[in-house]
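Undergrad: Given chain A's structure and the hints, the job is docking chain B onto it.
2 protein chains.
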Amino acid sequence: MRLSRSLIPTLKETPAEAQIASHRLMLRAGMIRQMASGIYAWLPTGYKVLNKIAQIVREEQDRAGAQEVLMPTIQSADLWRESGRYDAYGKEMLRITDRHDRELLYGPTNEEMITAIVRDNIKSYRDLPQWPYHIQWKFRDEVRPRFGVLRGREFLMKDAYSFDLDYEGAVRAYRTMMLAYMRTFQRIGITAIPMRADTGQIGGDLSHEFHILAPTGESGVFYDAAFETGDAMDATDVDAFYERMTTIYAATDEKHDTAVWDTIPAERRREGRGIEVGQIFYFGTKYSQAMDFAVTGPDGQKFYPEMGSYGIGISRLVGAIIEARHDEAGIIWPDAIAPFKAAILNLRQGDATTDALCEKLYAALGADALYDDREERAGQKFAEADLMGHPWQMIVGPRGAAAGIVELKRRATGERFELPVEEALAKVRG
Amino acid sequence: MRLSRSLIPTLKETPAEAQIASHRLMLRAGMIRQMASGIYAWLPTGYKVLNKIAQIVREEQDRAGAQEVLMPTIQSADLWRESGRYDAYGKEMLRITDRHDRELLYGPTNEEMITAIVRDNIKSYRDLPQWPYHIQWKFRDEVRPRFGVLRGREFLMKDAYSFDLDYEGAVRAYRTMMLAYMRTFQRIGITAIPMRADTGQIGGDLSHEFHILAPTGESGVFYDAAFETGDAMDATDVDAFYERMTTIYAATDEKHDTAVWDTIPAERRREGRGIEVGQIFYFGTKYSQAMDFAVTGPDGQKFYPEMGSYGIGISRLVGAIIEARHDEAGIIWPDAIAPFKAAILNLRQGDATTDALCEKLYAALGADALYDDREERAGQKFAEADLMGHPWQMIVGPRGAAAGIVELKRRATGERFELPVEEALAKVRG
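Residue numbers (full-length UniProt numbering), protein chains in the order written: chain A, 1 to 430; chain B, 1 to 430.
So that you can see chain A by itself, here it is in the shape it has in the complex (with noise of 0.2 Å):
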């Protein structure tokens, strides 16, 4: 993309509605404006992140088995007032009346949606498992939006449902879906710590919320050093896997178990801040029986089957991540989900010299550049450039263009190289 045609407008000035780095950073960088109070329409860069993460959701949605389905964004209080939710609510429920005076709501999440569809559509137990998953917007009408995407209204989730035949196999739902976000965080590059948590809302007997360390987390969090060095994630076997993740520490403050905590070595103990990016839960037959969601079973005998729902706030990931991968500059992205790899910074735009070998930079690298072609001055595109947080920077002045070199700035460390351009194209290139 040229930075002169895209619709990417940085502001030098701190928004004064912002109050945490990563809403000031979404804002500055020119990710996300506001349309409404927590409504957010994403720009070009923003749109980028949000989809590549959800595409790495989702592929390692499929991976663990789960097949992807959408479920529309309004849905109908009736089927709420199946499950005996509609009521209970409250006015986080966005409610919604149409021209014929039907109820119907923004749907917050969908577990009674997708148990109507399972139910009207599979007879059998030869038709379980189903896991079904969709990445579609909610909306839940916070009383007071705000930190930006991080606790907007209108919101960008994954949420899988697990229908399995009986204990044993919703039991292996969940360890499955606990490694496939475990695995998803690791793809994305940041360090995420599932903790026990409580199943509030959404109800049933066993559920775990995914944190990712920040510094300006919402919650305190204590773990062990093992969830730093990715050795906890080794595990092939699932099972192996789930009863690593659930032994070595990690508590919120509210669960912090300080006689357990003693016993773990000091050097060990991490003492960090958290912030809540995933959740899932084990909640059995709580829902199936509600909705009369009865299945034939190899023995003639209708039984209900066995669900969990497991979520993934996708829009708020990329205020965590931010929260968690940023300097004064501004933000710094992992590679797996930057906008772009690189920024192409060309220092004297309309020099022949250093336009052809930008130009040349840029057909090379296509979609995976920002081609910085406009005629501002190079501090203001270096700083353009920290801000949005690029992996990479390739610096190019008539000196080293003349000489065929580029100048390579690793945003992450400061590390700087200066190299002939196909070492630089690969470098970039990883």
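For the record, the hints were derived by calculation from the structure and aren't laboratory data. Just so you know, even glycine gets a beta-carbon here, dropped at the ideal spot from N, CA and C. Among the hints, erroneous ones may be present.
Keeping only pairs whose Cα atoms sit at most 27 Å apart, straight-line, the calculated DSS-like set for lysine-lysine is [what the hints assert, rightly or not]: (1) B:Lys48 / A:Lys48; (2) B:Lys48 / B:Lys12; (3) B:Lys341 / B:Lys52; (4) A:Lys302 / A:Lys52; (5) B:Lys123 / B:Lys255; (6) A:Lys48 / A:Lys302; (7) B:Lys341 / B:Lys360; (8) A:Lys302 / B:Lys12; (9) A:Lys123 / B:Lys48; (10) A:Lys255 / A:Lys52; (11) B:Lys123 / A:Lys12; (12) A:Lys52 / B:Lys341; (13) B:Lys52 / A:Lys52; (14) B:Lys360 / B:Lys427; (15) A:Lys255 / A:Lys341; (16) B:Lys360 / B:Lys52; (17) B:Lys91 / A:Lys91; (18) B:Lys341 / B:Lys48; (19) B:Lys52 / A:Lys341; (20) A:Lys91 / A:Lys52; (21) B:Lys12 / A:Lys48; (22) A:Lys123 / B:Lys12; (23) A:Lys52 / A:Lys341; (24) B:Lys52 / B:Lys427; (25) A:Lys48 / B:Lys123; (26) A:Lys427 / A:Lys360; (27) B:Lys12 / B:Lys341; (28) A:Lys341 / A:Lys360; (29) B:Lys48 / B:Lys360; (30) A:Lys341 / A:Lys48; (31) B:Lys302 / A:Lys12; (32) A:Lys427 / A:Lys91; (33) B:Lys341 / B:Lys427; (34) A:Lys302 / A:Lys123; (35) A:Lys341 / A:Lys12; (36) B:Lys48 / B:Lys302; (37) B:Lys91 / A:Lys52.
Ranges between beta-carbon positions, derived for each pair [stated by the list, open to error]: (38) B:Gln289 / A:Glu271: 57 to 63 Å; (39) B:Ala336 / A:Ala364: 25 to 31 Å; (40) A:Glu13 / B:Thr199: 37 to 43 Å.
TA: Same frame as chain A, but now just chain B:
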């Protein structure tokens, strides 16, 4: 995907609610289920088709020079008061009140919102042109939703918007989008014809609709045979292309001009029926003036950018394509958007040799294949493969398997080929 583990609930009976072929076939093939009047859930095969169409649309928008953003589904009523359309829009607009009694709505289109975004972030003529687009769910509260996804209430649309310096720029945007649309439909594998149209609610001076030819179409259409051959799209220059598109005769019955029609050689006259799947508009400064979006020009004077908007109904296209491509037995997908390239039909599930060959084919094709591994009789497998419309069927029985032979059936033509495994795979891969 293994059919035994999939959420593809095919139906033998035709649902009573479905009046037209595409609606019947989408329900029977298990692509969609209605969740509320005019509101559908997309099951795995339906969602794959929807995504493949969206991806072709996206690639051609990018190629045309447009840039992807994502605007939210929920909009503020105040935005629509600025353009004067809030009251004008009538009951098709789904109006919503949030917990703080603020007036919101579910966006039926985005002229107002995108104008506000560009207005608030662009100050100079140097930042023009801007051609943003997004692919997002919209809602129109139709009084009588019907025909499945052809006239749903919640529907997926690609809408692009152009903001240009002057009339010439706007005309270039309009023509470039027409070319992008024709390339999009050609890649999908259907014949579409641009026809001069009224501007309706959007307003403006110039508009074309794009109609897909289908015997069950809503409008009668009269057109020159040049549109059938694809010759009309050979122009490489966008202006020459536009000239050709708008001089070859094509008109809906509403706009049909028998005087011109009579001048066309009889052997080139075609009459058929069409389904509208897209529309483009040039409307000048209608919205930039109403919403006071003025930019400083090279001469220091303020001016209002020239605008256009460009829609493709992506969910509607799924239904329209089926109207154009089906027979008594079911859907006939064009290769480019089929949910799977091939179905592998195992005619003797449980026979070791047959199973082994099917698994080999499935491993080779991966996500491109739907493997019918159910213990059902051959007749049912054939019928459901025809219904679902996979471009190829790979039929494997015990005799063929023992000889290493696969029977291929081409859905569109009924042609059959008996081929060794590698040749069969090569044919399916195209």
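Undergrad: Flag every earlier hint the structure violates by its number, smallest first.
TA: Violated hints: 4, 5, 6, 10, 15, 20, 21, 32, 36 and 37; rest satisfied.
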